[in-house]
Every structure is written in structure tokens, then in C-alpha cells.
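K.L.:
The lines below spell out each chain.
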Amino acid sequence: MREDCRKDFERLSEYLDGELDDAVCREIERHFHQCPECRECVDSMRKTIQLCKEAAIEEIPAVAKERLRAMLRGCLARNHHLS
Amino acid sequence: MNERATESIDHHLISEFKAGSMEAMEKIVERYEDRIFTFGLKMCGHLQDAEDIAQETFLNAFKYLKDFREETKLKNWLFKIATTACIRKRRKKKCEPNHEISLDSFFPQNGDHPTYDIPDVSDDPSDSMLRAELKNIIDAAIHSLSHKYRLVFNLRDIEGFSTEETADILGISTQSVKTRLHRARLYLRERISNAYKEGIVQ
Numbered sequence: 002m003r004e005d006c007r008k009d010f011e012r013l014s015e016y017l018d019g020e021l022d023d024a025v026c027r028e029i030e031r032h033f034h035q036c037p038e039c040r041e042c043v044d045s046m047r048k049t050i051q052l053c054k055e056a057a058i059e060e061i062p063a064v065a066k067e068r069l070r071a072m073l074r075g076c077l078a079r080n081h082h083l084s
Numbered sequence: 152m153n154e155r156a157t158e159s160i161d162h163h164l165i166s167e168f169k170a171g172s173m174e175a176m177e178k179i180v181e182r183y184e185d186r187i188f189t190f191g192l193k194m195c196g197h198l199q200d201a202e203d204i205a206q207e208t209f210l211n212a213f214k215y216l217k218d219f220r221e222e223t224k225l226k227n228w229l230f231k232i233a234t235t236a237c238i239r240k241r242r243k244k245k246c247e248p249n250h251e252i253s254l255d256s257f258f259p260q261n262g263d264h265p266t267y268d269i270p271d272v273s274d275d276p277s278d279s280m281l282r283a284e285l286k287n288i289i290d291a292a293i294h295s296l297s298h299k300y301r302l303v304f305n306l307r308d309i310e311g312f313s314t315e316e317t318a319d320i321l322g323i324s325t326q327s328v329k330t331r332l333h334r335a336r337l338y339l340r341e342r343i344s345n346a347y348k349e350g351i352v353q
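Protein chains in written order, with the numbering used here: chain A, 2 to 84; chain B, 152 to 353.
There could be a bad hint or two in this list.
To be verified - Partial pick of chain B residues on the chain A-facing surface, computed with a CB cut under 10 Å: (1) Phe188; (2) Phe219; (3) Ile252; (4) Ser256; (5) Pro259; (6) Leu332.
Unchecked claim - The calculated lysine to aspartate or glutamate pairs, modelled on EDC-like cross-linking and capped at a C-alpha distance of 20 Å, are: (7) A:Lys66 with B:Asp263; (8) A:Lys66 with B:Asp185; (9) A:Lys8 with B:Asp263; (10) B:Lys240 with B:Asp263; (11) B:Lys244 with A:Glu41; (12) A:Lys54 with B:Asp268; (13) B:Lys329 with A:Glu67; (14) B:Lys178 with A:Glu67; (15) B:Lys329 with B:Glu349.
Said to hold, decoys possible - Some, not all, of what chain A presents toward chain B, calculated at C-beta under 7 Å: (16) Glu38; (17) Arg40; (18) Val43; (19) Glu59.
Honestly, the hints are just simulated from the structure, not real lab data. Note that beta-carbon positions come from the ideal geometry of N, C-alpha and C, so glycine has one too.
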């Protein structure tokens, strides 16, 4: 069983990302069914990814965006790139 | 908006820009500035650095857009430029974390199976303080990743690029993307769980 645990631990991300063949996924799921520790391992990994995604939203200040636009307008006009 | 519609709008704006439209430039910025700013912020940790990344990215993009043949999506091309800007920015800094992440260090040894306390974030608005504290923990954990892992994690899990797209943006193999992503996730799980256990978030 330890060998299965190690093998599935190494391909946990590929499993979660749907990057493994169906047959391999079924094999991994059979193992999870029998091994609560590995089931816990995959659940906590899934939660970690979800949590990071949920925390990713950033509020960008309008003034920073305006500085970006002003800089671009100035540079592009100077380079006579646009008519 | 689906991918095909996005690409069609981008194609139109690129053509307009090549024909000399300043308005097309503004629209391209409007479509991608939030994502590029956010990427810069996630990579560098400071708004000032994120502004530098965004400015360098769009400036270079518009400098070379007239030669852009659309062999890749505009979004991917912009992120490739932004990634280069992040790497340049990093070279100028000296105290960036630079550690390898070993898979073995996360595999349970001697039959022990550690448990990970990863909190659930409910939709309850009264949890806003918990959310803010958690966000700080997560942001700090992401910033403590070495640059090469942080790049892959941000592109794959935060920006949602596929393994193949991430490999193309970074100029590395798909296997390297998978390896780095897996190690980054294991590292983040441990960091977040430890912070939670230590009671930083009550």
C-alpha cells in the first residue's frame, strides 16, 4: 500500500487537473477509497488550490491604471507610431 | 465571453491598432490591465512593482504589436512579455526567496500521515475579517515561493493557463510545468495549514 500511496502522491496534481487517462484515474480513486490518509491528502490539496484562487482577486487603484494610460499615450505619441 | 469571441475581438483591435487607432490601444489596455496588474502584484508583492511590470508590458507590447502575427493569443503574448518583465525585475532584487522544493520533504515518512487544516471560506459576509486574514496568509505563502515555482503557480492556478500554454509562456517543458506546479501546491498547502494551526487565523 505504501508504494501506491507514494505513486499517487506524486501524481496528485495531474489527477486534480484532469491530465491523466481515465483508467489511471479509476485506479487512483480505488486507492483513495481504501486509504483515508490519501483521501485526506487529495481533499486538502483541492481545498488549497480553491482557497488560493478565491484569494487571488485584487483591487487595482484607478490612479495606477490612469498613470499607465498616460504613460502609454505619451510614449506612443512621442514615437509618432500613431497618426 | 467564450474564447472564440475573445480572440475575434482581439484580432479586430490588433488590426485597428496597426491601422493607427489610439482608441484600439486604449481598448486593449482596458481588456487586459487588471490581469497584468494582478499578475505583477502576485509576482512582486508591491503595487509599485506591479505598476512597473504593467507599464513595461504594455509599452513593449505596443512597440512590437505591429509585427505580431497572432500565432499565439494576444493574452498569452502579453503574459509572455509580463513574465520577462518580472524576471528582469527579480534580477534587480537581492533578497528574493530562492529555494528548491523537494518532493520527499512532503511525503509522509515512517508511516506518519500528517493532517492539513485548510479552512473553508464560507459565503457569509460576516466572515470578511476571516477572509482578509486568510488572504494575507495566502499572499504571504505565495510570495515565499521561489520565483520559478511562483511563476508556474500564478500562471496555472491563478491565471488559469493550461499546462501547454504555461510551458510556452515560460519556454520550459510541460513536464517541468507539472513538476513545479505540484511542488508549489504541496508547499503552499503546508504553509497555509501551519499558519492556520498556529492560530494566526482564529
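K.L.:
Each hint needs a verdict: does it hold in this structure or not?
P.N.:
Structure-based check of each hint:
| no. | hint | result |
| --- | --- | --- |
| 1 | Phe188 | holds (4 Å) |
| 2 | Phe219 | violated (14 Å) |
| 3 | Ile252 | violated (13 Å) |
| 4 | Ser256 | violated (12 Å) |
| 5 | Pro259 | holds (8 Å) |
| 6 | Leu332 | holds (6 Å) |
| 7 | A:Lys66 with B:Asp263 | violated (50 Å) |
| 8 | A:Lys66 with B:Asp185 | holds (9 Å) |
| 9 | A:Lys8 with B:Asp263 | holds (16 Å) |
| 10 | B:Lys240 with B:Asp263 | violated (41 Å) |
| 11 | B:Lys244 with A:Glu41 | violated (39 Å) |
| 12 | A:Lys54 with B:Asp268 | holds (17 Å) |
| 13 | B:Lys329 with A:Glu67 | violated (37 Å) |
| 14 | B:Lys178 with A:Glu67 | holds (13 Å) |
| 15 | B:Lys329 with B:Glu349 | violated (30 Å) |
| 16 | Glu38 | holds (4 Å) |
| 17 | Arg40 | violated (11 Å) |
| 18 | Val43 | violated (11 Å) |
| 19 | Glu59 | holds (5 Å) |
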